[in-house]
Amino acid sequence: MTIDELNEIKGSYIDQRKRELEEGVVTVDVHMGTCGIAAGARGVFSALQGEIERLEMKTVKLRVTGCAGLCSMEPMITVHLPGQAPVKYGKLDAAKAREIFYSHVLGGRPKTEYAIGQGLEKPQKRVELG
Numbered sequence: 002m003t004i005d006e007l008n009e010i011k012g013s014y015i016d017q018r019k020r021e022l023e024e025g026v027v028t029v030d031v032h033m034g035t036c037g038i039a040a041g042a043r044g045v046f047s048a049l050q051g052e053i054e055r056l057e058m059k060t061v062k063l064r065v066t067g068c069a070g071l072c073s074m075e076p077m078i079t080v081h082l083p084g085q086a087p088v089k090y091g092k093l094d095a096a097k098a099r100e101i102f103y104s105h106v107l108g109g110r111p112k113t114e115y116a117i118g119q120g121l122e123k124p125q126k127r128v129e130l131g
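Anchor point for the sequence shown: position 7 equals 8 in my numbering, and the numbering is continuous, going up by one each time.
Since the hints were derived computationally from the structure, they do not count as laboratory data.
Don't take each hint at face value.
[What the hints assert, rightly or not] Heads up, simulated BS3-like pairs for lysine-lysine below, C-alpha to C-alpha not over 25 Å straight-line:
(1) 62 to 112
(2) 97 to 62
(3) 19 to 59
(4) 62 to 19
(5) 62 to 11
(6) 62 to 92
(7) 97 to 112
(8) 11 to 59
(9) 112 to 92
(10) 112 to 59
(11) 59 to 97
[Claimed, not checked] With beta-carbon atoms standing in for the labels, derived distance ranges:
(12) 84 to 117: 17 to 27 Å
(13) 103 to 4: 36 to 46 Å
(14) 96 to 38: 13 to 23 Å
Glycine included, every Cβ here is placed at the ideal spot set by N, Cα and C.
Could you build the full structure based on these sequences and the hints that come with them?
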């Protein structure tokens, strides 16, 4: 794959995400790196997917993402509501994920007792040793 092809994919993704935000689509990322899966992220994903399907939600998008770098907090999800800073939740199970779904995703009220951070992570700077 060439750099131009990768840039085209990236541009397409950014355009799609902008359209979703304009249309009010809420995105829920389930972090399913190896540590997340080992900690039970599949059960969290299934619980959220079940609620989305049961309610026939067209404005909620469930995504699988990789490791968020906080293995001790797995399973984790990140909720992205249009116009708001994303909220990352940790140490979840299916029941807690459903609580977050109804309170935050559908109701707009974050579940602070499960939240571990708000906002986007910033890339770390490379440190030169020597």
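Results for each hint:
{"no.": "1", "hint": "62 to 112", "result": "19 Å, holds"}
{"no.": "2", "hint": "97 to 62", "result": "18 Å, holds"}
{"no.": "3", "hint": "19 to 59", "result": "16 Å, holds"}
{"no.": "4", "hint": "62 to 19", "result": "14 Å, holds"}
{"no.": "5", "hint": "62 to 11", "result": "19 Å, holds"}
{"no.": "6", "hint": "62 to 92", "result": "21 Å, holds"}
{"no.": "7", "hint": "97 to 112", "result": "9 Å, holds"}
{"no.": "8", "hint": "11 to 59", "result": "24 Å, holds"}
{"no.": "9", "hint": "112 to 92", "result": "13 Å, holds"}
{"no.": "10", "hint": "112 to 59", "result": "22 Å, holds"}
{"no.": "11", "hint": "59 to 97", "result": "22 Å, holds"}
{"no.": "12", "hint": "84 to 117: 17 to 27 Å", "result": "21 Å, holds"}
{"no.": "13", "hint": "103 to 4: 36 to 46 Å", "result": "43 Å, holds"}
{"no.": "14", "hint": "96 to 38: 13 to 23 Å", "result": "19 Å, holds"}
Comparing the model with each earlier hint shows no violations; every hint is respected.
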